[in-house]
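Chemist: Order-wise, the sequence lines are chains A and B.
Counted from 1, the first sequence has number 1559 at position 303 by my numbering; the numbering is strictly sequential.
Counted from 1, the second sequence has number 864 at position 44 by my numbering; the numbering is strictly sequential.
Misleading hints may appear alongside valid ones.
Claimed, not checked - List of simulated lysine-lysine pairs, DSS-like, C-alpha gap at most 27 angstroms: (1) B:K901 / A:K1749; (2) A:K1749 / A:K1834; (3) A:K1749 / A:K1786; (4) A:K1821 / A:K1834; (5) A:K1747 / A:K1786; (6) B:K901 / A:K1473.
It is worth saying that the hints were derived from the structure and are not from the lab.
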Amino acid sequence: MVTGKAGTALPPVIADWFAEKGWAPRRHQLEMLAAARAGRNALLVAPTGAGKTLAGFLPTLVELTEAFTPSVRPEPVEGLSSPSSAEKKGKAGLRQAQPERNGGNGFEGLHTLYVSPLKALAIDIRRNLLAPIEEMGLPITVEARTGDTPSDRKARQRVRPPHILLTTPESLSLLLSHEGSAILFANLSTIVVDEVHAFAAGKRGDLLSLAMARLQKLSPGLRRVALSATVADPEAYQGWLAPDADIETVDVVRGDPGAKADIQIMLPADERIPWSGHSGRWATAQVMKEVEAHKTSLIFCNTRSLAELIFQDLWTVNERNLPIGIHHGSLSVEARRKVENAVADGRLRALVCTASLDLGVDWGDVDLVIQMGAPKGSSRLTQRIGRSNHRMDEPSEALIVPGNRFEYLEARAALDAIDTGELDPELFRPGALDVLAQHIMGLACAAPFVEEEMLAEVRSAAPYAGLSAQLFAQVLAYIESGGYALRAYDKFKRLTKGPDGLWRVSHPRFIQQHRMNAGIIVDAPLLDVKFRNGRKLGTVEDYFASTLSTGDTFYFSGLVLEVEKIDGTDLFVRATSKSARIPTYVGARMAMTTNLADRVRHFLFERDQWPRFPDDVQYWLRVQERRSTLPAPDQLLVETFPHEGRHYMVIYSFEGWNAHQSLGMLITRRMETMGLKPLGFVSNDYALACYGLEPITDPAALLSSDILEHEFVEWVQGSNLLKRAFREVAVIGGLVERHHPGRKKSGKQVTFSTDLIYDVLRRYEPDHLLLRAAWEDARQRMTDVGRLARLLDRAADTMLHVALERVSPMAVPVLVIIGRERVATGTADDALLIEAESLAAEAMRLD
Amino acid sequence: MVPFSFAGHELMALPQGALYWPHRRALLVADLHLEKASWFARLGQMLPPYDSIATLSDLTVLQEATGAAEIWCLGDSFHDKFGCDRLPPRARNMLTALTARTRWTWITGNHDPGFADHCGGTIVEEAGVDGLLLRHEAQPGETRPELSGHFHPKLRLNVRGRKVSRRCFIATGSKIILPAFGSLTGGLDVTHPEIIRAIGGRAEALVPVSDRLLRFPVAA
């Protein structure tokens, strides 16, 4: 037996395996084992490539090995038949981990659950875990369970589970909706949550947190473990992971930092960074040279549209015909697996990709990561760079290609942030009510429950710690029969409270229905992109498809496709060589994080930083200083000037595109009421420009914080944001059934739109639980209202208004952006229809 | 309201999705789908139980505004044949008041054949009124002028990057298909093959906006 610090001794079979490989267990791997021996929950924070997965599983392998080895650490015999005999000593910190043993004859039942945000990851981990288990000759069984697992295997897993089950938050949640879950999880020793930084703060994190609360109840001795990339605030994750949000029960284990990455900012060969653009398309030829000079390059783009565009650009300069692939979330699973495998086997020289590769399977041979456009956040950039060169001791190589001068500053800011180890802040918020409704319905499917006990259980999940009894009762009423003031559905109840005080599902068909519709990811309505022969290439959003007609062409999956016909949910295409346009995707845009924004503000003001920038960036700032001014970091610069017959106001607020778009909507509304005749606005991550027919002499009146009380509510209610949010909460909350792909609409309309439901509900019950949930989503995710409020607060005290006679240098990047928003008046749709009619009349005129 | 002529009659398409016939002081509406929400609620989808109330209050407002003396419902007035039994009291009162003060005719559709009417009005399968045929579903071979519902036509357009979607009428020289009037009834794109087949030949989508009637050619 290898001995180390207390509690870190490895059983001989595992120690021998390390030795045969010529490896030594890493410090953090042994610390994770020590935490397990002490019965403590644990959060491992370590960079990519640090052997996190093995660190997560090592305690499980050790415990199971010991259970199969009679001489080691004898423990009292406990049979599987008495599941409740697992220790129930309360707080995890004082607990002794005691897996179920058969006196050395092994362990029966489920020992460890591994939860990953990605199906593919769960499956890949299985492969990676099986190798050492086989090499050690351990009789440990490992299986994956995801949405793709055949139903007969799923049924068998519920009765005869493996020792280690690898799954996703959604599949775990479904498992908990089965009657047998109480027995299945009774002896669960450990849950390991992988890539926790990627999803804990969102709705899937809410769901998993609730699932852990249930597992803890079924198996009070459960130990919780999470594996995270480097995060700014480990305490926030400790809180999320811990039962009752008690961070004292969670040990934080830190991995060693890897070698510092070698990151460069790519500059144009002629030393001029473009004024405008945000894609870095200018760099195509230079990027191709880098691809030629490296073994395998990953080229990250911030949007799917951009990935298609960059792929096309690269292809036109790919004179040596190097194999290059494309990967994004709208491509079919098969297409993605194909290029993933090609990278793994070293058959691709470059892969153009998006956030779809932020998580996932590790590849050894990537030796360059290129970030096209601004990085938007230092943590994200770090993780992307970590995708290359998975050896801790060698530096990863990376390039950032800024799209314009502000993006250069942002890239510089990101590098400085990485240098000083500064990471993006994470935003945890209270748990979502639609998720809670789904979870409780799931648990009701498993067994009847007592309201007070359920509330206590739910509150032990950190995101719901502050849930009031009254709100909980509303959630129950909602599940029961919609939660409406008009009690029209009392005879259709899904859930009923019996005379015994127990809540139970009223009919088995509701159980079936729940299982068909549970899940957290709600896609925008999608159309399948297919060839005539049925081969599916991927999906485009309904919104984009509705702009296409037969004969139109678009870039997709790296091909140019021509629309043959649109049939229900199928978009039939053929390959063509005509020129084409790029699909648009509605998904929320990533905004620059607050810490990078702060750094950029400092760059503007601190002249001693400027020598670090290329000459044209310096010159740009100097001219700005002469013609206008450069604001101090805490000042909000607002410029007004006439330009081409319009009057502009540019606000340099650096609060990100989402907040700026929201503010643009609000300010133009207020301009309207103030008689300033607004025409439109345009924004990027750094600034917002509004313009109209009248000069703006008093920007302070437009930026007063009461805009959030008046215009904001009115705007959000009238916009599509809330309808979009409502659609999601209605599906997650189980109000409407999910649209199952493949089930086609017949000529007679059989579905209903959640927009109509929203309209009726808002008209008759504006305080309904789901409207409240939709509002919360709209505030947090879609409008970035927190940053908006911060901006307006700053405006009140520190606004610096400069009235200019002409456009300033700093205004140029935002003014040359494509994608301006026009001011919409109340009857805007009517106006658009009238315009469309006259266009059609013009086009159809026969003279 | 801009009148247009159809088979020798003057009709008005209202932005709310109804047709007004001034000569007869008649209001025509199609596909109310009353109690659609409760039909889904029975199956576990608890849609807001206010759809009938919303639809009938809209109809009441229209009746009062136009002073209509006659109301024709062109079928699928109830989402299913037991819809009328499930009407909440408030909706039932609104409907009874309407049928009491107008000549009210229910034309049955595919959703509500043989429904039990507790609220007044006359039930017919189809009707000929002053030379116009009123029925639920357009018949492709029909030669007489015909007004129908059933398809819930909707116009979807992209104008300057914005998506605009509106309930609309669809008309040829001898046929008009009305949009659905019900508050929870979705729509079918006017270019859908089933609509094209039903309407036959060259058609126009008619979209009433506040003071105009917009016409969009629909490719057959």
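Chemist: Hint check: K1749 of chain A vs K1786 of chain A, CA-CA at most 27 angstroms. Holds or violated?
Modeler: Given that 27 angstroms is the threshold and the Cα spacing comes to 42 angstroms, the pair is violated.
Chemist: Assess, step by step, whether the Cα of K901 of chain B is no farther than 27 angstroms from the Cα of K1473 of chain A, and give holds or violated.
Modeler: Violated, at about 48 angstroms.
Chemist: Given the hint that K901 of chain B pairs with K1749 of chain A, test it: the Cα-Cα distance must not exceed 27 angstroms.
Modeler: With Cα atoms ~22 angstroms apart, K901 of chain B and K1749 of chain A stay inside 27 angstroms; holds.
Chemist: Going straight from one Cα to the other, do K1821 of chain A and K1834 of chain A come out at no more than 27 angstroms?
Modeler: 17 angstroms, holds
Chemist: Holds or violated: K1747 of chain A and K1786 of chain A, Cα atoms, limit 27 angstroms.
Modeler: Cα-Cα ~45 angstroms, so violated.
Chemist: Hint check: K1749 of chain A vs K1834 of chain A, CA-CA at most 27 angstroms. Holds or violated?
Modeler: Between K1749 of chain A and K1834 of chain A the Cα gap is close to 57 angstroms, so the pair fails against 27 angstroms, i.e. violated.
Checked against the numbered hints above, the structure breaks hints 2, 3, 5 and 6 and satisfies the rest.
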